[in-house]
Each structure stands twice: as structure tokens, then as C-alpha cells.
Amino acid sequence: MHAEVELSLNFDIKGRNFSKAGTISTKIKEILQELGIPMSIIRRTAIAAYEAEMNVVMYADKAQLTLCLTPAGISIIINDEGPGIEDIKQAMEEGFSTATDEIREMGFGAGMGLPNIKKNSDKMKISSIPGKGTSLDIFFNLSKVSEQ
Amino acid sequence: MSQYLHFIRVDTDKCEGRMQCMRVCPTQAIRVRKNKATIIEEKCIDCGECINACPSNAIIPLTDPFGELTKFRHTVAIPSPALYAQFGHKIMPDKILNGLKKLGFDDAFDLAPSCGEVSFAIQEFLREHKGPKPMISNACPTIVRLIQVKYPSLINHLTPLDIPREIAGREIKKKKSKRYGLKEKEIGTFYITPCPAKMISIKQPAGKQKSYLDGAISISDIYGPLLSAMENVENESYNKSLENLCILGMGWAMVGGICRTLRLKNSLAVSGLTETIKVFDDIEKGKLKHIDYIEAYSCPQGCVGGSLTVENLYISYNKILKIIEALEFQKIKACPDIQKVRKKYAQDYFFKKGKLEPRPLKPLNEDLAIAIKKRKEKEEIFASLPKIDCGACGSPTCMAFAEDVVKGEAKLTDCVIRKDK
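Order-wise, the sequence lines are chains A and B.
Per this note's numbering, the very first residue in the first sequence carries number 1; after that it's consecutive.
Per this note's numbering, the very first residue in the second sequence carries number 1; after that it's consecutive.
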């Protein structure tokens, strides 16, 4: 009966905009706090959203992030326009990174982003067309919270 | 009765509804309804920004009046090291402590050595610490409340050590009651405070049963009388005064002082709520795991920037810094004995009793489905608003107004700019 309750919000992320990087994941965190989502889930979501946001800032030209909330769960979908990922399996390995030295010097690009997103989310789907862009779909389960 | 005590009040006779307080409040805890400011107690973290911002002096910190002293058989003043920074560079702590005694306290206690002991204890703690990183200093009560309210997931990042003023209060009561044959409750311990937040940490300590301090008197209230009282106190020579100082303890008056005097390897110091919030956001994103310890103060430059201080905060910061530099330069080692600190540390002398609990804001609704529905309504209302955050409705931003409408605390018609569609 709760299926129709849904909050959907879109955010634009600009590639290379390091000064604003991280603001969207902070906003997402604040929305989840307003809803009274358990702390541990908020923290996992904030970390995953931040990593996903940083991936766009570091590698892509631009992206749209859609936050979709239902009593069943939190879904975050990011479709970016950018170089895409040649070998997703390799990109999922801890420590694999194509980051430039410049990005590494800023403390990013350690090859932990995607593995970290996977670790912190309940479901993760990723697909990519090299030369066009990447789609990332992450989900956090709330069904246990809703039952209470 | 409300659940949370606060020591900031709006004097409705003086309040002219000028909204300065509402605009500066970092947690959006103030609304102006019917031309008067009101504080949302659940959201207030007692930072005191509103006190400084109010052009009508209508926001009043509730510290203890001097008269409270008569309730005790023996009274001890325990000034924050920030008090030492309020007077010119020739007036050293020993003179200030003597001045306090002239004012009517039976004794005045230099808190710096206790601060120094806790500094060493922090060092001991960090060395063994295997838990979450970075650890965050709990010296500033506003920061502790900020974490309880807005960053509940960081609560286990706060150091579990008790704060120096509490440890000092505990020990003073123990020793004095023995010496004078009095009950501990007959000994009045008064903190001389640079901010109203210390008042709540005394009357409603976070995560502890009760405070060992009996009250707090503001630096701004005591400044004038103290200045006169010191007129007849003799000056020790500057160097002689330096020898009685604890370099580690002086650092507690200013941001970065703990890190600097301890020479902690990988620490970070931040002051001012806006900047602190940025740092805490980064911790939550998992960005600062390489940092061991964070000193965070809600007031700019640390306690010397408290809203109940008198001297310009950069001048007082400079005074503390000069004293620390003089001690470093002259290699005066007026520090607590680290061996003794280690022994006390092993005996749990420094650890706080009780557990600190988060205090997250009430969600839009307890039922998640209803909360989501309300959040959606809030977004729809926000879309219909002018988004210029003029504040004329009495809420600090259009987004806050949308939330007030959803919660039934404001009416959509309160927006004077929005045209009905």
C-alpha cells in the first residue's frame, strides 16, 4: 500500500568542479536525517553517494543524480556523460585506478571508489559505454525499517 | 517542561523582531513570530551567535549572579584560561587569581595545570586508540551538542576523557572538604566562563549524571569588578610569573593550542561553526581517516572568542600565543609530571562516567511512509516559493519556511511575496 509514496529529486553534477564536490551527498544526508532513517544507513548512503559524486567530478563531463525514496529503500541513480569505463571488472578491483597524478595529489583516485560504493550499498549495478558514459544504480534497503 | 535546558533567553520587551539572530543561527533554531524571536529548543546548540548578533541586546545569556556565592561555606573561582587573555600583556595569571580572591572568593584555582594533565591524558589515549578516526575534542560543549544533534554518527569520535574544569571541580571538592571538614556540597565551585554554553554543560551535562561545578559567572560580568580589585594587587616580575605557568594548559584558551603544545603528529584544529561543519561533513564522508585528533571550537579562535569575553578575540589570541612562545623560548618546563599523569590515567582518573547519547532532531513523522510524503510536500511548497530567503515570513530561509508549513507551524499565506497560483 506504500508503493505509491515516492520522493524523487534530481541533482546536476559538473565534472571537474572540485570546489562544489561533495555538496550533493551532504544534501542527501540531510534529507535522510529529516526522515528519521537509522544512523548506520545514513552513514553508508552518504559515503557511497560521496564516492559516486567524486567519480563524476574526477572523470566525467557531467551527470544527473536521481535520489528516489520509498519506504522500501533509497535508490541513487547516476547517469554520466564522459569517457565511460573500458573494463568494469577491472575497475571494481580495489586499488585499480586510471586517475591522473594531479588527481592523486589531491588525495583522490586511490582506486577505492567503486569497491567502496559496493561495500556500503545493498545492491549495485553498473554499466558503461566507452566513449559515451557510465550508469550507476545503487540501492539501500529500508524494508526492515518500515516494518517497525 | 521542556526536555533540554538552554541558557539563552529572549527578552521579549527588548526584542524588536529585527531577525539578525534568525539569520546567523547555524542550526536554524530561531523563528520570528509576531515580531518576536523564539528559540526552537530541540535545535538550539547554545553557541551564542545570536547574543552577538542582536542589535537590541534582547538575547540574554543566563549565567549565575555573584550573589550565588553566599549559598556556600567555602567558594572557589576556577577561571577558564581565556580569562588570562582578557587583560594587557603585563597582567599575568597569578595577579588575576589574586584579584579574584579580593573579589570575595575564598580561593582561586589555576585551571591550566589540570588542562595540562588532560593534554597528556589525550596523548596517552591516542597512543592506545584503535577505534574510529579522527577523534574529536570534547572541550567545547557547543561542539558536543552539534554532534549530538546534527552528526549523531560521529558520537563515538568524541574523546571519552572528562574535561579539565570538571576534573578540577571534582578534586577541589574532595580536597577542600577534607581540609575544612565541610561537606562537598558546602564547597562552591564557580567556573569563570567565556561562553553561555559552559553553563548548560554545568546544569545539564551531556552524558553524565551531574557536574562538579556549582555555577558559572561570565567573564563579561566579572571583568569590571576584577579590574578594580587588581589595582591593589602587587605585580610579580614577568619572568617569575612565567615560571608558575603550565604551557600545556595555556593552549586550551585558543584553537590549535592543544595540538601545538602537545606536538601531536597528525592533528587538525578548526574554529567557528561554519568551518567546523565543513570538517565534520568531510569526516562523515570518510575523508579524514588519516587525521588522529581534531580540536574544534564553535567560537572563532577558540575560547578567547567566546561571546561573553571582553577583549577583541585576535588580541587575546595573540596574548596567549605570546605567553606560549615565551615559555617555549625560555624552555620553562612548568608542566605536570607525565609519570604521575600516566599513573592517574591507569586509575581511570581522567575518564568520564556515563555514556554520551545522540540527540537527533525529530523526523517529519515517526512513520517512514508519512515522513516521505511530508518531505515531498515540503519540496512542492518550496518550488512555489520565491527562494530569495528574505525572512519576512519569520523563517530563516524559504526551505525552512516550507518545512514549518509542512509541520503546521506556519501558514503558506505568511509568505508575503508568493502569489497564489
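There's no promise every hint is true.
What the hints assert, rightly or not - Which residues of chain B face chain A? A few of them, derived with a C-beta cut under 8 Å, are:
{"id": "1", "residue": "Pro-152"}
{"id": "2", "residue": "Glu-284"}
{"id": "3", "residue": "Gly-286"}
{"id": "4", "residue": "Glu-366"}
{"id": "5", "residue": "Ala-369"}
{"id": "6", "residue": "Ala-371"}
{"id": "7", "residue": "Ile-372"}
{"id": "8", "residue": "Lys-376"}
{"id": "9", "residue": "Glu-380"}
{"id": "10", "residue": "Ala-383"}
What the hints assert, rightly or not - Estimated spans, in silico, between C-beta atoms of each pair:
{"id": "11", "chain 1": "B", "residue 1": "Gly-67", "chain 2": "A", "residue 2": "Lys-144", "range": "33 to 43 Å"}
{"id": "12", "chain 1": "B", "residue 1": "Glu-325", "chain 2": "A", "residue 2": "Pro-83", "range": "31 to 41 Å"}
{"id": "13", "chain 1": "A", "residue 1": "Lys-20", "chain 2": "B", "residue 2": "Ala-346", "range": "17 to 27 Å"}
As the list claims (entries may be wrong) - Taking lysine-lysine and the DSS-like style, the derived pairs with C-alpha atoms no more than 27 Å apart in a straight line are:
{"id": "14", "chain 1": "A", "residue 1": "Lys-144", "chain 2": "B", "residue 2": "Lys-362"}
{"id": "15", "chain 1": "A", "residue 1": "Lys-27", "chain 2": "B", "residue 2": "Lys-331"}
{"id": "16", "chain 1": "A", "residue 1": "Lys-62", "chain 2": "B", "residue 2": "Lys-387"}
{"id": "17", "chain 1": "B", "residue 1": "Lys-210", "chain 2": "B", "residue 2": "Lys-90"}
{"id": "18", "chain 1": "B", "residue 1": "Lys-407", "chain 2": "B", "residue 2": "Lys-34"}
{"id": "19", "chain 1": "A", "residue 1": "Lys-118", "chain 2": "B", "residue 2": "Lys-289"}
{"id": "20", "chain 1": "B", "residue 1": "Lys-34", "chain 2": "B", "residue 2": "Lys-265"}
{"id": "21", "chain 1": "B", "residue 1": "Lys-133", "chain 2": "A", "residue 2": "Lys-118"}
{"id": "22", "chain 1": "A", "residue 1": "Lys-119", "chain 2": "B", "residue 2": "Lys-90"}
{"id": "23", "chain 1": "B", "residue 1": "Lys-133", "chain 2": "A", "residue 2": "Lys-20"}
{"id": "24", "chain 1": "A", "residue 1": "Lys-119", "chain 2": "B", "residue 2": "Lys-289"}
{"id": "25", "chain 1": "A", "residue 1": "Lys-118", "chain 2": "B", "residue 2": "Lys-362"}
{"id": "26", "chain 1": "A", "residue 1": "Lys-27", "chain 2": "B", "residue 2": "Lys-362"}
{"id": "27", "chain 1": "B", "residue 1": "Lys-331", "chain 2": "B", "residue 2": "Lys-90"}
{"id": "28", "chain 1": "A", "residue 1": "Lys-144", "chain 2": "B", "residue 2": "Lys-353"}
{"id": "29", "chain 1": "B", "residue 1": "Lys-387", "chain 2": "A", "residue 2": "Lys-20"}
{"id": "30", "chain 1": "B", "residue 1": "Lys-387", "chain 2": "B", "residue 2": "Lys-43"}
{"id": "31", "chain 1": "B", "residue 1": "Lys-278", "chain 2": "B", "residue 2": "Lys-43"}
{"id": "32", "chain 1": "A", "residue 1": "Lys-27", "chain 2": "B", "residue 2": "Lys-289"}
{"id": "33", "chain 1": "A", "residue 1": "Lys-125", "chain 2": "B", "residue 2": "Lys-287"}
{"id": "34", "chain 1": "A", "residue 1": "Lys-27", "chain 2": "B", "residue 2": "Lys-90"}
Please keep in mind that the hints were generated in silico from the structure rather than gathered at the bench.
Built from N, CA and C at the ideal position, the CB exists for glycine as well.
### Query
Taking each numbered hint in turn, which are not upheld by the structure, reported in ascending numerical order?
Hints 9, 10, 11, 12, 13, 15, 17, 20, 22, 25, 28 and 34 are the ones this structure does not satisfy, whereas the remaining hints hold.
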